[in-house]
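J.: As given, the protein sequences belong to chains Z and G, one line each in that order.
Under our numbering, think of the first position of the first sequence as 204, with each following residue one higher.
Under our numbering, think of the first position of the second sequence as 204, with each following residue one higher.
Treat the hints as calculated values from the structure; they're not laboratory data.
This structure is a prediction, so every number in the text was calculated from the model and none was measured.
C-beta atoms are modelled at their ideal positions from N, C-alpha and C, and glycine is treated no differently.
A couple of the hints might just be wrong.
To be verified - Chain G stretches covered by chain Z per the calculated footprint, using a threshold of three residues with CB under 8 Å from any CB of chain Z:
no.	stretch
1	268–278
2	324–330
3	410–421
4	430–438
As the list claims (entries may be wrong) - In silico EDC-like cross-links for lysine to aspartate or glutamate, where the CA-CA straight-line distance does not exceed 20 Å:
no.	chain 1	residue 1	chain 2	residue 2
5	G	K417	G	D330
6	G	K287	G	D301
7	G	K287	G	E259
8	G	K287	Z	E234
9	Z	K417	Z	D322
10	Z	K287	G	D301
11	Z	K287	G	E234
12	G	K287	Z	D322
Protein chains: 2
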Amino acid sequence: MSTGEAEVGRQAWLRTVAADVARLDRSSSAERAADILRRSITEGALPPGAQLSEVELTEVLEVSRNTLREAFRLLTHEGLLVYKLHRGVFVPELDENDVVDLYRLRRVLEVDVIRGLIDRDPELPADRLEPLQDDVEAAEAAARADRWPAVGTANMRFHQHLIGLADSARMDAMTGRLLAELRLLFHVIAAPRELHEPYIARNRGLFELLEARKYDQAAADLHQYLIDSEQGILGAFRTR
Amino acid sequence: MSTGEAEVGRQAWLRTVAADVARLDRSSSAERAADILRRSITEGALPPGAQLSEVELTEVLEVSRNTLREAFRLLTHEGLLVYKLHRGVFVPELDENDVVDLYRLRRVLEVDVIRGLIDRDPELPADRLEPLQDDVEAAEAAARADRWPAVGTANMRFHQHLIGLADSARMDAMTGRLLAELRLLFHVIAAPRELHEPYIARNRGLFELLEARKYDQAAADLHQYLIDSEQGILGAFRTR
DNA sequence: AGAGTAGAGATTGTTCAACAATCCTGCAAG
DNA sequence: CTTGCAGGATTGTTGAACAATCTCTACTCT
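Could you put the whole structure together from the sequences, leaning on the hints where they help?
T.: What follows is the structure in structure tokens.
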């Protein structure tokens, strides 16, 4: 028995180390530059519609033009930048059609993940829900501190971790893209509190339903949740 | 009235022209190089596991190393190549887990597209189904000529056009990726006829159900279709 | 013989400078 | 008000160079 447990512990340790190594390995100059730009975009320092000048950014980021262009490509395929041939790269300006498109995909993927849990409930260890709990509590703490952008970040992570329950690398990647694009939309909305506040409690409710293994109920709630969220963003869009 | 119709005609014309312009604009050296590599990979000239040497390909494709690397980045984010830092780019070797992952997403997306048609049936012009009919007939013709890889291509296009009915740019992009990865799998399977033949008739059946607006039935059929296809590939995988 | 190691050679990562191709701006002409 | 045309600025692409890392071979030591 003890060797079995030790083996399990060792496996878990190997996974975390492998993740760390991958994180270090990842550090090519292009990806570091992309990290910085990604933060600037998702935090709103680079507003939608802004053009990113090559010469300007090579000086700020201290990388060559070629490396910077590799960073641009990375972000382009995350949906955070768009290339216009011979004109440069821009932060995309999403419109109401994009909101509808993004939410359609979110609904399909996230609801399917939860429905998928019904079949494989037994093999799902209880601690798989821990990241979700952490995100819920982080959002609640940030709300108490009046830090609404942080609330938005925690809510995003909640949904990313929710998708993570499916153990699908491709769903994780797609969701990363979708949520990144969604953040683009947040910055054209003036009121971050009204935007994020209602979903703190709903995330907790969702988490508790999952904990209680009431997957059908959770799926139905999440479906309505995403419809409401979509309507909220569309409404803010029209009145801006 | 007549001005209204002329306006509609003008709009349609503008759309087709815009599409043509986009197609011409696409011609950067990096994307042309990516096109050639994409064909080589999806047609199997570059088998899974193969490494792509930079110096070698700069000579063949007649582009500089920097431009070639941009092409690599493009294909990396389509899932057709993987980067290993300081070791180069490789054609990925997918395994059975990837098959399960890919088919899970295909099922979710494609079935949802058809279910989505139920609500918006009235606004769906009949000619939207034409591309699907063309693909079905192309597959049948290729089968008669014993050109099984061409059958596979036509089948792929059928599913891409199926997703296209949703008018979702992001679903189109995701599907493009998923199907490209799927082609990677086809090349490790020896018997292309056994792989593709069963689905010629099933695609036609699906098309006829859509034409008859029996969307519920079509969704159910497609679901089972994709399960069977997944099992076929998994079976071929295990016996190879 | 086998395990470990040092170093040479090859490949990738990144930079730089230059030139070609394209786009944008402003202005003049019709 | 539109059209056509500089010219200046920006992007697209190239080639060479050097640094960083990996791979493979040959060697040493036990």
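J.: The structure should be examined with respect to each hint, and the outcome stated for every one.
T.: Hints, verified against the model:
For the stretch 268–278 of chain G, the stated coverage by chain Z holds: 5 residues have a C-beta nearer than 8 Å to a C-beta of that chain, and at least 3 were required. By the rule of at least three residues with a Cβ nearer than 8 Å to a Cβ of chain Z, the coverage given for the stretch 324–330 of chain G is violated, with 0 such residues. Requiring three or more residues with a Cβ within less than 8 Å of a Cβ of chain Z, the coverage given for the stretch 410–421 of chain G is violated, as only 0 such residues are present. Coverage of the stretch 430–438 of chain G by chain Z is violated [criterion: at least 3 residues with CB-CB distance below 8 Å; count 0].
Restraint check: the Cα-Cα separation between G/K417 and G/D330 comes to about 17 Å, which is no more than 20 Å; the hinted pair holds. Among the hinted pairs, G/K287 with G/D301 is consistent with the structure: their alpha-carbon atoms are about 19 Å apart, no more than 20 Å. Our distance criterion of 20 Å between C-alpha atoms is met by G/K287 and G/E259, whose separation comes to about 18 Å. Taking the CA atoms of G/K287 and Z/E234, the gap is about 13 Å. The hint holds against a cut of 20 Å.
Straight-line distance between C-alpha atoms of Z/K417 and Z/D322 comes to about 12 Å, which keeps the hinted pair within the 20 Å bound. Restraint check for Z/K287 and G/D301: the C-alpha separation of about 34 Å exceeds 20 Å, so the hint is violated. Note on Z/K287 and G/E234: the hinted pairing holds, with a Cα-Cα distance of about 13 Å set against a maximum of 20 Å. This hinted pair does not check out: G/K287 and Z/D322 have alpha carbons roughly 36 Å apart, beyond 20 Å.
Hints 2, 3, 4, 10, 12 from the list above are not met by this structure, while the remaining hints are.
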